[in-house]
Amino acid sequence: MLSIQEEDFDIATEYAALLESASNTGAIVTFVGLVRDTEQGLKHMLLEHYPGMTENVIQQIIDTATQRWNIDEPRVIHRVGELQPTEQIVFVGISSTHRSDAYAACEYLMDQLKTRATLWKKEVTTDGEQWLDSKPSDIKRASRWNENPKLTTPS
Amino acid sequence: MTISIKILYFGRLADVVGLRQAELDLADGDALLETVRQQIVSTHPALDDPTIRIAVNHTLANDNLTINDGDELAFFPPVSGG
Chain U
1 MLSIQEEDFD IATEYAALLE SASNTGAIVT FVGLVRDTEQ GLKHMLLEHY PGMTENVIQQ
61 IIDTATQRWN IDEPRVIHRV GELQPTEQIV FVGISSTHRS DAYAACEYLM DQLKTRATLW
121 KKEVTTDGEQ WLDSKPSDIK RASRWNENPK LTTPS
Chain E
1 MTISIKILYF GRLADVVGLR QAELDLADGD ALLETVRQQI VSTHPALDDP TIRIAVNHTL
61 ANDNLTINDG DELAFFPPVS GG
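Protein chains in written order, with this note's numbering: chain U, 1 to 155; chain E, 1 to 82.
Just chain U, same shape as in the assembly:
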C-alpha cells in the first residue's frame, strides 16, 4: 500500500492493517518521520512533490525491497502540503516472518525514499523561506545498499 496524501495518518490503524494482511508473521517494524521542532524559528514545513513520478519511484523501491527480503507488502505513507512542527511526515510499516528482514527492509525503504522520491521540503521560518537539499549523509546511507546487492543488511 502506497499513499501520498495531505491528511495525517494513524499508527494504530496502519499497524492493524499490517496485522490483517500479514502471513506467518513474527515481526512488524514501523518507522515514523516527524517535523523537528528544534529548527530556529520554524513556523511550518511545506512539502511539494511530483505527482505520478513520486508514486512510480516509491513503488519501484517497494518492489525491490519485496524481492530482496522475505517480507509482506509494505505500507508506505508520505504526507505533502503544509506541516507543523512535531507533525508526522512519513510512515513505513513492514511485516515479516523474522525481524532481521523487517528491520533491513524498513531501513532500506527510508534510505532510498529520502534520496530518490521526488519530494522537496521548504522551511518557512520567522526569517523567511528556504528549500532544503539532500544531506550528504543521507546519500551516503542510501549508497551502502548498492555496494553489495547480496548483503541483506548494510555493513
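Among the hints, a few may not be true.
Stated by the list, open to error - Which residues of chain U face chain E? A partial, calculated answer using Cβ under 10 Å: (1) GLU14; (2) ASN56; (3) TRP120; (4) LEU132; (5) LYS135; (6) LYS140.
Stated by the list, open to error - Cut-off 20 Å, straight-line C-alpha distance, at most; resulting in silico cross-link-like pairs (SDA-like, lysine to any residue): (7) U/LYS135 x U/GLY33; (8) U/LYS121 x E/ARG53; (9) U/LYS122 x E/VAL17; (10) E/LYS6 x U/LYS135.
None of these hints come from the bench; they were simulated from the model.
Note that this is a predicted model, so its numbers are computed, not measured.
Even for Gly, the Cβ is constructed at its ideal location relative to N, Cα and C.
Starting from the structure of chain U, add chain E where the hints point.
Positioned in the frame of chain U, the structure of chain E alone reads:
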C-alpha cells in the same frame, strides 16, 4: 515539423525560473533532450547546474533521449523528502 512539450519546475527551481509550468514549441521534431535542455538553459541560465535532474514522462532521462510531441519534461533539484 513543430512539436509542443510541457515543462515543469519543482522545488527551488520554480522560484529561480519564476514559474512552475510552461509550454514550449520546438521546430525540430527529432530533438534530443540535450538540445531542448540547452535551449531552456539559454533562457534560464540558473538551470545550468549539474545537480539538476530531468525526468521525461515521469522517468529520469539522459541527454540522448529523443523528445516527442506531448512529452512532459520536469526539471528538479536534489530531492529532500522523508
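Results for each hint:
Interface hint at U/GLU14: violated, since its Cβ lies 17 Å from the closest Cβ of chain E, which is beyond the 10 Å cut-off. The interface hint given for U/ASN56 holds, since its Cβ lies 5 Å from the closest Cβ of chain E, which is under the 10 Å cut-off. Among the interface hints, the one on U/TRP120 holds; its C-beta lies about 4 Å from the nearest C-beta in chain E, closer than the 10 Å criterion. Annotation: U/LEU132 was flagged as interfacial toward chain E, and the flag holds, the nearest CB pair being 4 Å apart, inside 10 Å.
Taking 10 Å as the C-beta contact cut-off toward chain E, the hint placing U/LYS135 at the interface holds, the least distance being around 8 Å. The interface hint given for U/LYS140 is violated, since its Cβ lies 14 Å from the closest Cβ of chain E, which is over the 10 Å cut-off. As the CA atoms of U/LYS135 and U/GLY33 are separated by approximately 16 Å, the hinted pair is consistent with the 20 Å bound. For the proposed pair U/LYS121 and E/ARG53, the alpha carbon gap of about 17 Å is at most 20 Å, so the pair holds.
Only pairs whose Cα atoms come within 20 Å are accepted, and U/LYS122 paired with E/VAL17 is accepted, the gap being roughly 17 Å. Restraint check: the Cα-Cα separation between E/LYS6 and U/LYS135 comes to about 30 Å, which exceeds 20 Å; the hinted pair is violated.
Against the hints set out earlier in the document, violations occur for numbers 1, 6, 10.
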